[in-house]
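Chains as they are written, first to last, in my numbering: chain D, 14 to 294; chain V, 57 to 522; chain S, 107 to 420.
It is worth saying that the hints were derived from the structure and are not from the lab. Since we're looking at a predicted model, the values are computed, not measured. Do not rely on the hints blindly, as some may be mistaken.
[Claimed, not checked] Rough simulated footprint, nothing fancy, chain D against chain S, three-plus residues with beta-carbon under 8 Å:
(1) 136–144
(2) 328–334
[Stated by the list, open to error] Negatives, chain S to chain D, calculated, CB over 12 Å:
(3) Gly166
(4) Tyr170
(5) Gln218
(6) Ala261
(7) Ile263
(8) Leu282
Ideal Cβ positions, reconstructed from N, Cα and C, are used throughout, including at glycine.
The primary structure of each chain is shown beneath.
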Amino acid sequence: MNNKKPSNARSIIAHVTLIILSFMCLFFFYILLINSTRSHAELQKGFSALPSSHFMENFRAVANDGTFPMLRGIVNSLIVSGCCAAICTYFSALTAYGLYAYRFKLKNAAFTFIMMILVMPTQVTAMGFLRLITKMGMYDTLWPLIIPSIASPAVFYFMYSYLQSSLPLALVEAARIDGSGEFHTFNRIVLPIMKPAIAVQAIFTFVGSWNNYFVPALVLQSKDKMTVPILIATLRGADYMNFDMGKIYMMITVAIVPIIVVYLFLSKFIIAGVTLGGVKE
Amino acid sequence: MKKRVLSLLLVALMTASLLVGCGGSSGSSSGGGSSAETAAPIDAPEGKIINIYSWNTEFQTRVEAVYDKVDHTSDDGTITYLTDGAEIHWIINPNTDGVYQNKLDEALLRQSSAATDEKVDMFLSETDYVVKYTDADVNVAIPLTTLGIDPATDLKDQYDFTKVVASDANGVQRGSTWQGCPCLLVYRRDIANDVFGTDDPDEIAAICGDWSKMKDAAAQLKAKGYFTFASYADTFRSYGNSISAPWVTGTTLTVDPRIMEWISDSKEWVDAGYLDKTIKGQWNDDWNKSMSSKSKVFAFMFPAWGIDFVLTPNWDGPAGSWGVTTGPQAFNWGGSFIHGCVGTDNPEHVKEIILALTANADNMTKITREYTEFTNNRPVMNSFATDESFGTEFLGGENPFKYFGPAAEGIQMTTLSPYDQGCVELIQNSFGDYLQGLVDFDKAKSNFEIAIKERYPDLTEIVWPS
Amino acid sequence: MDDKKQQKSISYAKWGYIFILPFFICFFIFSFIPLLDTIRYSFYEYYRSGLKEVGPNFVGLGNYIALLKSDLLKYAGNTFILWMIGFVPQIVIALILAAWFTDARLKIHGEQFFKVVIYLPNLIMASAFAMLFFTMFSNAGPVNSILQSLGWIKAPIDFMGSVGGTRSLVGLMNFLMWFGNTSIMLMAAIMGISPELFEAASLDGCNHTQIFFKITLPLIRPILSYTLITSLIGGLQMFDVPQILTNGQGSPDRTSYTLIMFLNSHLKASNYGMAGALSVYLFIVSGILCFIVYRMMNDDGEKKPKRNKKEAVK
């Protein structure tokens, strides 16, 4: 009895807080959706909480414009973000495992080094980066957007922290005794254990890469290589004659759908991770 | 080995075209006659690919509409095929965050080492930064005479101010435009009737004819609860276009007394309630809403494009509610310039395109009809001005060209400097805080100094008028 | 025991190198070489004026000194304030949410739904989000008209026209964008804790506050320090939100002007020398901050989780 009462109050507080937070989160999606149904003229006039009737019109304006490669842009973004998420999480996990499970001379030096570069803002190296990839012949390709994600100190650090709290080294030893090779151990034993961490970081990396404007704007040039944020910037930079806020909101809306799908898909894995952890209960 | 020969050839070609460029700029002072000869040494065959850098497709649509060699454009809009087998490749980068100029600058710096088909052949610039590219020392925009265009004869119908803007410090014209953007006073007829008892354009012009009259009118408007203009930014260009000397000479930035007048006048107007203090500059939500029927703002100063693409979509009342007339001061707002790029392997095409767009009266008539643009051709504009049948529905049948033409004649542009874009943008931002009463005058001054030196590290001194 | 371990690990040492090799190769090529460029140019006067290149002329520490004389510290202060406004509520809410979601005794209806929703704002591009915010909080925007129609305020609040208003909006946006992210990460960390621990604790009569502070918090320390560090770095690198919300000016009076906006304006001016020097400063400062945080979080935290784990195994 004593136990139940405060737990009820807590439950109410929890629900109210969550509802308010969710409302704030969803509200922006609602506005976005509403705005994508309104014409440029209506948008210029100001805000409205009710949808208008220009959804299809805006959609056609974005999708059917031959000069505006919406689909191509989404495909490019999917390729870049997908590859980034995959190689970034894999190599970060690999690096984290390498530093966590093995003892070698440069281990501490390597760890300190990564922690140091963790703090480096992208902008710091932007100009040199651009010069370098131009020399390497990768200007105006998707490679410079993908390959550098192998070295993601922040993701590494997350993986490392996760390993610290959830991978007992005894497990690795046991695998060795069973005759498992090192790579095999990593791929078959360690990776599955890290699934929740990988899913979490895969989402973050995917989203980060999907919404990245800075580097693609430096690197990309031709229309068929443009990613979604560049396309949106193109719309926003359109001249006064083609400037159409309805189109911009529609493009933002369209651009969000794929990441929401990926997110919902990956969030299942996180939840799977939860149930795995709670099996013993 | 083959590669080396090729690159040697390219270098030779480059030097040749560079020499031609230099020859042109010195030759132009001696008059148009010699220009054809200076252009002649380009004996390299005309290339097949014309790369045009722009920040949007506006220029592309104009070229497709009037250049007679256009055959068709690819579905994705990136390549326009010409009937003579050449191709125009459109390289469009958004203006957002300065991406367009960054990319163009990178390409221009690579120009000498780029393969002929990858060289920039033409590029566009806007009034605010046209001088960055027409600068004689930089020498990236080909003087028109070098291309075989004589500004004095071929472009005789253009408005003088557009030629001044596109010329370098020695008076050599290095670009040409098909647009002119004279601004008019666009006013609400209902408010005019309420306050002045008339909405007749000529009478309103008499009431608002110059800045001192405008101020009296503002007091009358205020008495009835109206704002004269929306924001202090709305009046900036009318002051900023008539400064007595360029913003920057050498490495010294001199703030013109005219700019100081804008600041003191704006402060006076804001404090008197003639301007809406809560509207912070242009292109934002509040500004858009100040053009709606619920707004208390009497007038805006817009060029043709402003009326069609800014005011019209923001207005929610009946058509015919707005009128246009001559404002307190003639000034220019906007305009895109076309330049041939030094190092191009397509000088003939470049010349043709510039002539087709900026010198051909029929083409310009077509552009005005199709896009209601104010084109850079005096006779064409004059004929539109007297064309009684030409009226816009939005203005209740009034023909704005009746006032645009004279406004264009009245525009005096001083020589610009390559720093104008930053100066114009940053002075408005820094003093915006001051006008809204957020910082004092000296703080705004020092904020401007900090910001402008960040943008242009080579500026050594900033002089304020005493 | 110790001996045996060492011997074993020595034989596997090369695998350690192999596993971390791709990371380092990639870093070396794509970050280190450009970084050297940046550092080198920081000692030069090197910028572009229009299309004319000035420099590189060696100026020694000239750029560094010039920066110290500028408003650098003010911008650092701005950055810190903006970060705090967003971060404090973010970490508090995230911790509470993570605790609630992982508390088996607290049945939350629609838990799944809430978990999914809190992360959603992070999916929108920061620039698009700032655009929406701009519209929402403009003088004639919906927030003002709602407040007015409720009769709470008479004249519209000029959010973007005041220091506090702009800063709060930036903070609010950062909070909304990142609290879900942090909650998920902390949740993942809490899920890594053996459930038996919680069971044991509640059998011992601990209430949830005690469990949270005595068990959860110490055990998720590595992830918590990760959150703190990454958020600190994210804060130092704060850029697009204030940039778009204030049109790149940090207005009013540059009070929302952040360090990276400062860096960006140098990059925009193609001032590689200054940008380089500023980058080096940023690099050093963030390095020191992270070192302090890391030390603070891990020095005494290192042993605790291990001891707890052993207890759990027992």
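(Q) Would the non-interface assignment of S:Leu282 survive a Cβ cutoff of 12 Å against chain D? (A) Not fine: 6 Å to the nearest Cβ puts S:Leu282 too close to chain D.
Q | 12 Å Cβ clearance of S:Gly166 from chain D | A | holds, 20 Å
**Q.** Cβ separation check - S:Gln218 to all of chain D, threshold 12 Å
**A.** Nearest chain D Cβ is 7 Å from S:Gln218, so the label is violated.
(Q) Beyond 12 Å on every Cβ pair: is that true for S:Ile263 relative to chain D? (A) Fine: 15 Å to the nearest Cβ keeps S:Ile263 off the interface.
**Q.** 8 Å C-beta criterion, at least three residues: is the segment 136–144 of chain S covered by chain D
**A.** holds (count 8)
Q) Counting residues of the segment 328–334 of chain S with a beta carbon closer than 8 Å to any beta carbon of chain D, are there 3 or more? A) holds (count 4)
Q | Distal placement of S:Tyr170 relative to chain D, Cβ over 12 Å | A | holds, 15 Å
(Q) Please check whether the beta-carbon of S:Ala261 is more than 12 Å away from every beta-carbon in chain D. (A) holds, 17 Å
Hint compliance for this structure: hints 5, 8 are broken, all remaining hints hold.
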